[in-house]
Amino acid sequence: MTNQNGRFGIHGGQYIPETLMNAVIELERAYNYYKEDPDFNRELTGLFNDYAGRPSRLYFAEKMTKDLGGPKIYLKREDLNHTGAHKINNVLGQALLAKKMGKTRLIAETGAGQHGVATATAAALMGMECVVFMGEEDTIRQALNVYRMRLLGAEVIPVKSGTKTLKDAVSEAMREWTSRISDTHYCLGSVMGPHPFPTIVRDFQAVISKEIKQQLLDKEGRLPDAVLACVGGGSNAIGTFYHFINDPSVRLIGCEAAGRGIDTWETAATISTGKLGIFHGMKSYFCQDKYGQIAPVYSISAGLDYPGIGPEHAHLHDIGRAEYVPVTDEEAVNAFEYLAKTEGIIPAIESAHAVAHAMKLAKEMTKEQIMVITISGRGDKDCAAIARYRGEDLHE
Amino acid sequence: MSKIQNAFKNGKAFIPFITCGDPDLATTAAVVRSAVAAGADLIELGIPFSDPTAEGPVIQAANLRALSGNVTTDSIFELVRELRKDITIPFVFMTYANVVFSYGSERFISTCKEIGIDGIILPDIPFEEKEEFLPLCTRYDVDLISMIAPTSKDRIAMIAKEATGFIYLVSSLGVTGVRSEITTDLASIVEVIRANTSVPCAIGFGISTPKQAAKMAGISNGAIVGSAIIKLLEAHGTDAPRHIGDYVKSMKDALLPL
Chain A
381 MTNQNGRFGI
391 HGGQYIPETL
401 MNAVIELERA
411 YNYYKEDPDF
421 NRELTGLFND
431 YAGRPSRLYF
441 AEKMTKDLGG
451 PKIYLKREDL
461 NHTGAHKINN
471 VLGQALLAKK
481 MGKTRLIAET
491 GAGQHGVATA
501 TAAALMGMEC
511 VVFMGEEDTI
521 RQALNVYRMR
531 LLGAEVIPVK
541 SGTKTLKDAV
551 SEAMREWTSR
561 ISDTHYCLGS
571 VMGPHPFPTI
581 VRDFQAVISK
591 EIKQQLLDKE
601 GRLPDAVLAC
611 VGGGSNAIGT
621 FYHFINDPSV
631 RLIGCEAAGR
641 GIDTWETAAT
651 ISTGKLGIFH
661 GMKSYFCQDK
671 YGQIAPVYSI
681 SAGLDYPGIG
691 PEHAHLHDIG
701 RAEYVPVTDE
711 EAVNAFEYLA
721 KTEGIIPAIE
731 SAHAVAHAMK
741 LAKEMTKEQI
751 MVITISGRGD
761 KDCAAIARYR
771 GEDLHE
Chain W
59 MSKIQNAFKN
69 GKAFIPFITC
79 GDPDLATTAA
89 VVRSAVAAGA
99 DLIELGIPFS
109 DPTAEGPVIQ
119 AANLRALSGN
129 VTTDSIFELV
139 RELRKDITIP
149 FVFMTYANVV
159 FSYGSERFIS
169 TCKEIGIDGI
179 ILPDIPFEEK
189 EEFLPLCTRY
199 DVDLISMIAP
209 TSKDRIAMIA
219 KEATGFIYLV
229 SSLGVTGVRS
239 EITTDLASIV
249 EVIRANTSVP
259 CAIGFGISTP
269 KQAAKMAGIS
279 NGAIVGSAII
289 KLLEAHGTDA
299 PRHIGDYVKS
309 MKDALLPL
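Chains A and W, in that order, are what the protein sequence lines are. Going by my numbering, 624 is the number at position 244 of the first sequence; the sequence numbering is gapless. Going by my numbering, 260 is the number at position 202 of the second sequence; the sequence numbering is gapless.
Extracted from the complex, chain W is given alone in its bound form:
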């Protein structure tokens, strides 16, 4: 069974996203440790890409900050090796297809297995293109995470039936970024997902407050937060780990009663 399931054992999961190397890898390591100590259930580690087409301005800027510090796929693998010495909660990579493909898909995915990465999220790999990486992911026991969007409609059942690890439900149209309100009828999407799979489902895009996280996790199995955390990094730089720890705790606390 997928190790990612462990993230959903302690009630609703809180899943923070961090762009590796923003502003440097030492800060990323400190942020991960601080998020884990504060109760994060799964960490989404972003490998920066020059042209992140699914990201809003906040995470785009984080990608460029990281790349300007000369972070590479190899140095991020080293970071994960280091973190795995003491951290056991599931890790997934979030990046773009070209980062995996250009490294050599088998070399990338087998390294994921070797260093303890449990899944990969690739926003530019829809259901129709998953054969690009799925056979290798299956061989090396790394979950290729499926995404479902507000526009998926008749596609939800098809995607859910073949999903492994967890399902990433995109809350709103558009790119990543903080939103004051999420208006999509997510409960009815989750209902279709539930009718087709028992794989857990977490909601992301636009979530920043404990109240929003509680609402989203209330109708699913967890909440994913990216831009709000990157904003803390942007504001506090190398001093961000402490602030992010406090923030993660406030978000996880909001999910505990659910």
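Same shape as in the complex, but just chain A:
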């Protein structure tokens, strides 16, 4: 679905400083070579299966199904992966690729800390140096993940510029990459940024939908009617959608963080409130003001607190292939608590956005239908923040 210049319809591209152009060209060449290389693929599959614990389970949520009275609900358990989220899929791929390219140092941005932890993990595993940029605000919201990254040997740099959240962490990682390219790979955590990142990250995350398809064929002998995932930049969502894009009977639904509501300024729902723009290396939709200044977005979820969306999602939206819906903080927190009590699964607050929309959508679907929700990560990291949201005085 990628064109020659890394375009998805009108979206994507390579809007980056000249200093980085040879680096992304080199990355693209290396990726095109290694993705066809049997040794690389054997090694990566080995890491996926033996280290990360793939394939992840496709779990029939029977109690939730009964309780909601609608379609059969399956949960794709990316939360059971090593490091507790889907992020490890992309990171193992990129770290292995970087190593083959002779790079010895990984840098990364992180929002909730899941991608930072995954990158620090892969760096430890492969004996690489690791530096993670994290908005100062997020280092406070996700203090435990900061400690985990340090424990894994990474240096965590709190980013004090701008809104001190994910977008500023991305900007700072890009700045760092322009100053040190020869030994450093920028391990971007989502399907965003300049080409070839949206394609590389999507390909490494596509294992999610590849497995869902096979697992559901084994269990039910058919395709799902809808697949749902939360969307910030959109990596677990594109991973969930990818192998169903050419199956028009499967609804693809991305759940964006509406924060306090899409009619407020405190939102991060890009498709609902953003407009076309150019930022962080790509053309896509962004939350911005009329002069193109990027909006200071908000969500209870640090991982969805980003003012843009990956270019392939923007394209799937344009052509009407995928649907994007806003989910508020309150709805996500309710779903977080619901899944814990109903199925004994505490999802990441990011993933809870998808669960929340599934709870609404279930009412419109029939018992004969099947819905798959990707639980992109585990919710341990969010417990203290959700407790505080509910008025409890709990601190880590």
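Please note: incorrect hints may appear among the correct ones.
[Said to hold, decoys possible] According to the in silico footprint, chain A covers these stretches of chain W (three or more CB under 8 angstroms from chain A):
#1 167-174
#2 224-235
#3 278-288
[As the list claims (entries may be wrong)] Per the computed footprint, the stretches of chain A lying under chain W, defined by three or more beta-carbons under 8 angstroms from a beta-carbon of chain W, are:
#4 395-406
#5 539-547
#6 555-562
Because the hints were derived from the structure by calculation, they are not lab data. Quick caveat: nothing in here was measured; it's all calculated off a predicted structure. We put the beta carbon where it would ideally sit given N, CA and C, even for glycine.
Using the hints, position chain W against chain A.
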């Protein structure tokens, strides 16, 4: 012919960069007038952007100061209209792609032509993406300035061949900001540029002292200075124009014997 060429007629060019609206537009106007009086050959006017990914901490802070004072693309157009009443040296805008794109690319670029902006520098538009704005820039006779970096290598000739106005040669890896030493072998990059175009080439990123400016202009056609000037604004605020005038004079004086 591009009006930007005029900046390179009086020997080596000195090109100061100023973030418009830092701390307010009246100060920006006074700084521009004072820099012109002190011998600046071309002025780079920065339109602030919320997330300037090619800038170091000094210019990032200037962008945020300007935006917190509610400066907008429209109020900066007004500033330029005002300055053009008495200033004739070339002006270029330096900003980010989204500022141009969100305004409406044609509306932005045609306004540049109308108010007397001679070129646009967009650090997030590399050669591969220049079609985004180049057809409009050509139509409205505004130069889209090409940048070449220490990592450009096999790309230098391709970029130089299609460059117009002037070439912005980035002295070092990384973002804008003062550097004590510039170690890139810039002379050999300039040699490749020269073999491919007669468009002038000015060096920027990291230059702050007259000695550095003389060295950089010595191997090219001029020196661009941003962060060192923004630091004067940071230190002196509305009183900065006088200090910046003195500074520009010391820099231009260093280039005169070359």
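Hints, one by one, checked against the model:
1. Coverage of the segment 167-174 of chain W by chain A is violated. Counting CB-CB distances below 8 angstroms, 0 residues qualify, and the rule asks for three or more.
2. Counting residues of the segment 224-235 of chain W whose CB lies closer than 8 angstroms to any CB of chain A gives 4, which reaches the minimum of 3, so the coverage claim holds.
3. Counting residues of the segment 278-288 of chain W whose beta carbon lies closer than 8 angstroms to any beta carbon of chain A gives 0, which falls short of the minimum of three for the stated coverage.
4. Residue count for the segment 395-406 of chain A with a Cβ under 8 angstroms from a Cβ of chain W: 9. That meets the three needed, and the coverage hint holds.
5. Given a C-beta distance limit of less than 8 angstroms, the hint that chain W covers the segment 539-547 of chain A holds, as 3 residues qualify and 3 suffice.
6. A count of 5 residues in the segment 555-562 of chain A with a Cβ less than 8 angstroms from any Cβ of chain W is obtained; the coverage claim is therefore met, three being the minimum.
Violated hints, listed in ascending order, are 1 and 3; each of the other numbered hints is respected by the structure.
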